[in-house]
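**Q** Spelled out from the first residue to the last, the chains are:
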Amino acid sequence: MAADQDPQQASHCAADLAAQFGLELRGDGTRVVRGVAPLSSASEGDLAFLANSKYTSQLATTGASVVVVRDSDAAAFNGTALIAKDPYAAFAKISALFEAVPAFEAGIHPTAVIDASASVDPGAMIGPLVVVGARAVVGVGARIEAHCFIGEDCVVGANSTLMPRVTLVTRVRIGERVRIHSGAVLGAAGFGLAMENGSWLNVPQLGGVVVGNDCEIGANTTIDRGAMGDTVLGDDVRLDNQIQIGHNVRIGDHTAMAGCAAVAGSATIGRYCLIGGGAGVLGHLSVCDKVTITAMSLVTHSIREPGEYSSGTPLMDNGEWRKSAARFKSLDRIARQLNRIDRDE
Amino acid sequence: MAADQDPQQASHCAADLAAQFGLELRGDGTRVVRGVAPLSSASEGDLAFLANSKYTSQLATTGASVVVVRDSDAAAFNGTALIAKDPYAAFAKISALFEAVPAFEAGIHPTAVIDASASVDPGAMIGPLVVVGARAVVGVGARIEAHCFIGEDCVVGANSTLMPRVTLVTRVRIGERVRIHSGAVLGAAGFGLAMENGSWLNVPQLGGVVVGNDCEIGANTTIDRGAMGDTVLGDDVRLDNQIQIGHNVRIGDHTAMAGCAAVAGSATIGRYCLIGGGAGVLGHLSVCDKVTITAMSLVTHSIREPGEYSSGTPLMDNGEWRKSAARFKSLDRIARQLNRIDRDE
Amino acid sequence: MAADQDPQQASHCAADLAAQFGLELRGDGTRVVRGVAPLSSASEGDLAFLANSKYTSQLATTGASVVVVRDSDAAAFNGTALIAKDPYAAFAKISALFEAVPAFEAGIHPTAVIDASASVDPGAMIGPLVVVGARAVVGVGARIEAHCFIGEDCVVGANSTLMPRVTLVTRVRIGERVRIHSGAVLGAAGFGLAMENGSWLNVPQLGGVVVGNDCEIGANTTIDRGAMGDTVLGDDVRLDNQIQIGHNVRIGDHTAMAGCAAVAGSATIGRYCLIGGGAGVLGHLSVCDKVTITAMSLVTHSIREPGEYSSGTPLMDNGEWRKSAARFKSLDRIARQLNRIDRDE
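Chains as they are written, first to last, in the numbering used here: chain P, 381 to 725; chain Y, 381 to 725; chain G, 381 to 725.
Watch out, some of these pointers could steer you wrong.
Identical copies look the same in the list; a pair holds intra-copy or inter-copy alike.
As a list, the in silico BS3-like pairs of lysine-lysine whose alpha-carbon atoms are at most 25 Å apart [stated by the list, open to error]:
| # | residue 1 | residue 2 |
| --- | --- | --- |
| 1 | K703 | K670 |
| 2 | K709 | K670 |
| 3 | K465 | K670 |
Hints are computed from structural coordinates only; laboratory data are not their basis.
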């Protein structure tokens, strides 16, 4: 890659951006953009965006050279604008111009340890100190960064990326254009136990993990392999950091889960669900499509209607909270006392 | 291992299974089993099991060749059955016949880095890119997979397995037949802080971690070493993924904890406890034997009676939840209002 | 280091400790201390401390040779005492005499893989199988343990320690005297998504992570890099294990967070805050200085007053809890029923 193409040095004029991304230009097409910034802190040379009309007032004071904005908000801005139906999505695509992507160099680093029975496409990149196990397959265009472990019978699809120190334990099959972040562990044995004569017995975990195309899996997230059959993520599933997915879970296409969420074994999550940070789903439950679970809620029964669901109590001053919490313990008595009065009255 | 012994190719007839596992055979002893599957999706060649009488109706329609079943449920099944007192435990043992266990080859991989003062038994297996530190000891039959780190003064007992990328930081002593999953970190410095003149001071963490025999420790689980004395897990303790165990915690024999549970420093958990997913135990508390904590509950006081304990509120439609949550904030006022009316009446 | 300086063999007399740490000695200055232990289990040769007057009765029975104690508690002790204004802080400093710190040997282990454009100070220590990427800088006195990954454009300040298997993905700048524990991942791409035509679009994460001086970051903790601008930790920030910090979060000086806490994207936490284990802070919120959040509470709105805040319900016997939980669902109806009666009366 030539030095003048370094994305951190890139500059683009507003007219070129409009043409490249199919946006309408309003104002001075010669304005130059060299980076991106939030509206509130942007200065000369920055591209910013307005997606939420609540912040329209920031348009009057922003130092941004160019702003991506909805047609309906554009009137509030005197500067150079790019008009987009969805300013956030348009901004996301433009800002990729300024992303420094490390060089891709096909080939196997000399310190990598590759099993003789593994199959690595000549168009894949294997970084330093990577281990690839027996019968594993790495597809064309795959980027396997340093310290990754690709265990026996795993498959990494074309153009997928394993960031440094990802572990695929065994029988993990990754689709195309998937990105897995550092510290993630896929394919560890699920937590299957039977009690016999007062001691635990391991239930063999014979299945694998299947991840569809275009998924993202966050740092230090864990996805266990199935006991019988596989743990399955559909296409375009997006998992944030430190998520735990139990064995034989199934997650539908386009579902996104925020950090520290957890899904217990054999639960099924639908398509286009949004699972909030730290939320939990108990085992063997079903959650239908288009369900939103708010942060740190616990799903204790199957959900059959799309919508938003919550559990928990509001944040309070600790002194006040202690009073409410103490009353919670006698809530049933309170309700019965009330019903008695109501009847007596 | 000869190719015809590959467990993924294994086949066993029902009569042989009955004899090998001490089960009663009913039906056709020549039926052949080549794998395992759930009752509902099993087909020709599969072994299935029925542990929960709730699903007895599936016996009529299953395609399984052989089913492991309790005597009392067997009448509902026309096919070939293996009668077990505990069908799940019997199934767990049989299904191990179909588990592909990677080859064990004693010896040290040439890319491993072993300190001159470490002691590795010739009957242990040390995988690629493993680091073994000063004075560490690895016992006979231990399997140390790729990318593991065994720090100074650590001990791995006989026949224990460290899956790829396990870290034993320092002074971690692992018993026999223990299995630790990828990404787990044992023996990091506990979180000990003292405030002095407005800044934090580290409290040295001088202890270690002791793990008994037959334990299992999940992927990305962390167990800190003790401040003074050790953090201690008994025998047959089973920890799922992403569990956090603080310094000087003690966990009794046969206790099992589900994913994302956390135990704060110096807490003591008894024997045969079941700690649900995402549950928390505050520091310095004691939990007696045979306590069950439901998922995402917080243990805020010591527990002295066996039983099941919970905290939290039920999952609700978000609109309804908002109303209840708002009322929770004035629960004390509501209770006092009620008591006043009750007195006035 | 000479063998007689091995901290595990160290011995110190009470008078020397008093002089070295500026404490008042009461009793026999020739008493010898060879290690530390809790008051309740200490024996001959141990130093113990009493910080909480609740445990004063243990002074009568402790076997400790020397006890660090507040002046006001000293009367209850007949043995040799070191008088400290803050016994816990004084004890922390003394006990460092007994900490075994692995040898520091400047230089680069032959198995490390260092990019030609990286800059490693000759006074830094780079352990086995470490990878250092393009343009990374490692300062004097830095200790980089085995299996660490220091990605492109990362900086590790002077005298900082990366324990085994830490990952700095890219654009992570670590201050001086910072300690990062095993399995931590800093600088992974934040979770930024835009929905377009029914599919998720990645929002490039162009920023980095900045960690101030004297911070501590726990095992398997994750800190994502900023989307625009950086994720920032101030000085002396203390993070326990398995904490998740989203992109563009800012955490003020001297704030400490217990295990499994999580802060969502773009939230700002003040100085001297204490965030309890498993607590959560939603995105884009502000928490002012000197706020305590109790364990497993969820911060759902910005906090502008110092103090202690909580959410959740108390732990109860499961049978009782079920009754309260069921009533919680109709709390709004209960409150309205009560108000109606109150009016009618």
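**Q** Decide, hint by hint, whether the structure agrees.
**A** Hints, one by one, checked against the model:
Proximity of K703 to K670 under the C-alpha cut-off of 25 Å is restricted to the inter-copy arrangement: shortest distance 23 Å between copies versus 37 Å within a copy. Taking the closest pair of Cα atoms, K709 and K670 come within 25 Å of each other only across two copies (23 Å); inside a single copy the shortest separation is 34 Å, beyond that limit. In this homomeric assembly, K465 and K670 come within 25 Å of each other (Cα to Cα) only inside a single copy, at 23 Å, whereas the closest approach across copies is 43 Å.
Consistency with the previously given hints is maintained throughout, with no hint failing.
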